[in-house]
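The chain contents come next:
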Amino acid sequence: MKRFIIDLLLIILFFILQATVFPMIKNTRIIPNLLIILVSCSGFMQGEREGMFVGFACGFLLDICSFEIFGFNSILYMFIGYLNGLLHNFFYLRDLKIPAIMIVSSDLVCCLFTYFFLFLMRSRFNFGYYFTYIILPEVVFTLLIAVIFYPILWIIEAYVFKKKNAESS
Amino acid sequence: MSPLVRRPEEKYKLPTKYWLLILSAFSVILMLVTFVFDLPLKPLNEVVSYTVVPLQKGISIVGENLYSKKELLKQVNELVEKNNELTKQVNDLTIENSKLLQDKIELNSLQKLYQLDQTYSDYPKTGARVISASTGNWFSTFIIDKGSKDGLEIGMNVLADGGLVGRITEVGSNWSRVLSIIDDTSNVSCMVLTTNDHLMVSGSLSTMENGYITFNQLSENAKNVEVGDKIVTSNISDVYFPGIQVGNISYMEKDSNHLSISGYITPSVNFEHISEVLVITKVKADLE
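So the sequence lines, in the order shown, correspond to chains C and P.
Just so we're aligned: 164 in my numbering is position 159 of the first sequence, and the numbers increase by one with no gaps anywhere.
Just so we're aligned: 101 in my numbering is position 84 of the second sequence, and the numbers increase by one with no gaps anywhere.
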């Protein structure tokens, strides 16, 4: 129950940060993908079950607020959360390399799927442009932001839920 | 006790794989429903109306206040300078205005003859605040803080700074989603103001980096069209009211088929800084 409430609050918080706060303070046109940080981390920290549910909830919110094809983000984010959860066994709280790789690859997968299904299918073939000007800046920005948000999620995981791994590492 | 027997106090949970399957099927069904059959998802929209939208409204109001305070300090000096400049301009414009007024009287009498007296400035409009941008970098949609409770409907035109911003594509009870004309999937039927040649204006993610949207299907016979000409929405469009300003042509070239001309348009609305918009509270289909 505690987990459900905290997850729900985190999803809403991250969503509002991404949709309302970041566009307000941005100087460039690129905004980071905060929800992918949350989905990736909750999969990685809590296992595939939680990752899947958090991913589905995030994708669902995105679908309602931004997309024509309802369900595209739900299914994409759900699988990203689930696949991150499969690496739950490698979760050592002090290690930062694996989560960084996970977040980057999740964001990359998310962008590539979006490009493939929503742009390539409408004959936008200029992949080089979209990769250098949209995908790459977003991934880098997301990684930079993750440096701030990962410790917050880490603290919630380690102290609120008293994760056993926290002591063992 | 054998390890195979489940302990009675443990609650049964549906295995994760089944959940994955169920939720995937659910998403696929939703995709089919919205994409193939194009049905609106009213009840789902209401989820957002009561969770996220109130929070976003609050935050955008607070954020705007903070931003405007900061800007206020910065702008005082600029304003003094600008004031001098503008007083000079006012003088020039008063002269021009009186000239235009005469033209307008003439225009009114002519329009009465043609019974064409309704321009878009006469349509009923309502203001709305932008509370959320699109949640990724791929699409240019945004959410405004008025919905079906305020009488908004799908297909209504959205304006800002006197230019066209886009149209409403989805309505919740207290929010609606606006598809802007710079979105990669948007197409608007337009015409050149001076010559009435029709063309199609399409949003484009790749040219928006430089502040342009693209146009195409301008007939090769449109000889009098020049760079800098004003583009307005066409009277044959089935969603947009005629005569709303879209932008100016900034580049044009003949297509390789030698039948049509395409190029770039600079939109007249600054899409980087939209915080308030005007919605025309009429749908074009109702008028006809």
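Keep in mind the hints are simulated off the structure, nothing from the lab.
The beta-carbon is built from N, C-alpha and C at its ideal position, and this holds for glycine as well.
There may be inaccurate statements among the hints.
Said to hold, decoys possible - Listed below are several chain C residues computed to face chain P (Cβ distance under 8 Å; list not exhaustive):
1. L14
2. I36
3. F77
4. F96
5. R99
6. G133
Said to hold, decoys possible - Under the rule of at most 30 Å between Cα atoms (straight-line distance), these lysine-lysine pairs were calculated in the BS3-like manner:
7. C:K7 to P:K28
8. P:K247 to P:K166
9. C:K7 to P:K34
10. C:K102 to P:K34
Hint check:
Interface restraint check: L14 (chain C) against chain P, minimum CB-CB distance 11 Å, threshold 8 Å, status violated. Given the 8 Å rule on beta carbons, the hint for I36 (chain C) holds: about 6 Å separates it from the nearest Cβ of chain P. The interface hint given for F77 (chain C) is met, as the beta carbon of that residue sits about 6 Å from the closest beta carbon of chain P, less than 8 Å. Interface restraint check for F96 (chain C): the shortest CB-CB distance to chain P comes to about 17 Å, outside 8 Å, so the restraint is violated.
Taking 8 Å as the C-beta contact cut-off toward chain P, the hint placing R99 (chain C) at the interface is violated, the least distance being around 27 Å. At its closest, the beta carbon of G133 (chain C) sits 10 Å from a beta carbon of chain P; the interface hint therefore is violated under the 8 Å criterion. A threshold of 30 Å between alpha carbons decides the hint, and for K7 (chain C) with K28 (chain P) the separation of about 17 Å falls inside it, so the pair holds. Proximity of K247 (chain P) to K166 (chain P) is assessed by CA-CA distance (about 36 Å); at most 30 Å being required, the pair is judged violated.
For a cut-off of 30 Å, the pair hint linking K7 (chain C) to K34 (chain P) stands: about 24 Å separates their Cα positions. Under the criterion of a C-alpha separation no larger than 30 Å, the hint pairing K102 (chain C) with K34 (chain P) is consistent with the structure, at around 28 Å.
Checked against the numbered hints above, the structure violates hints 1, 4, 5, 6 and 8; every other hint is satisfied.
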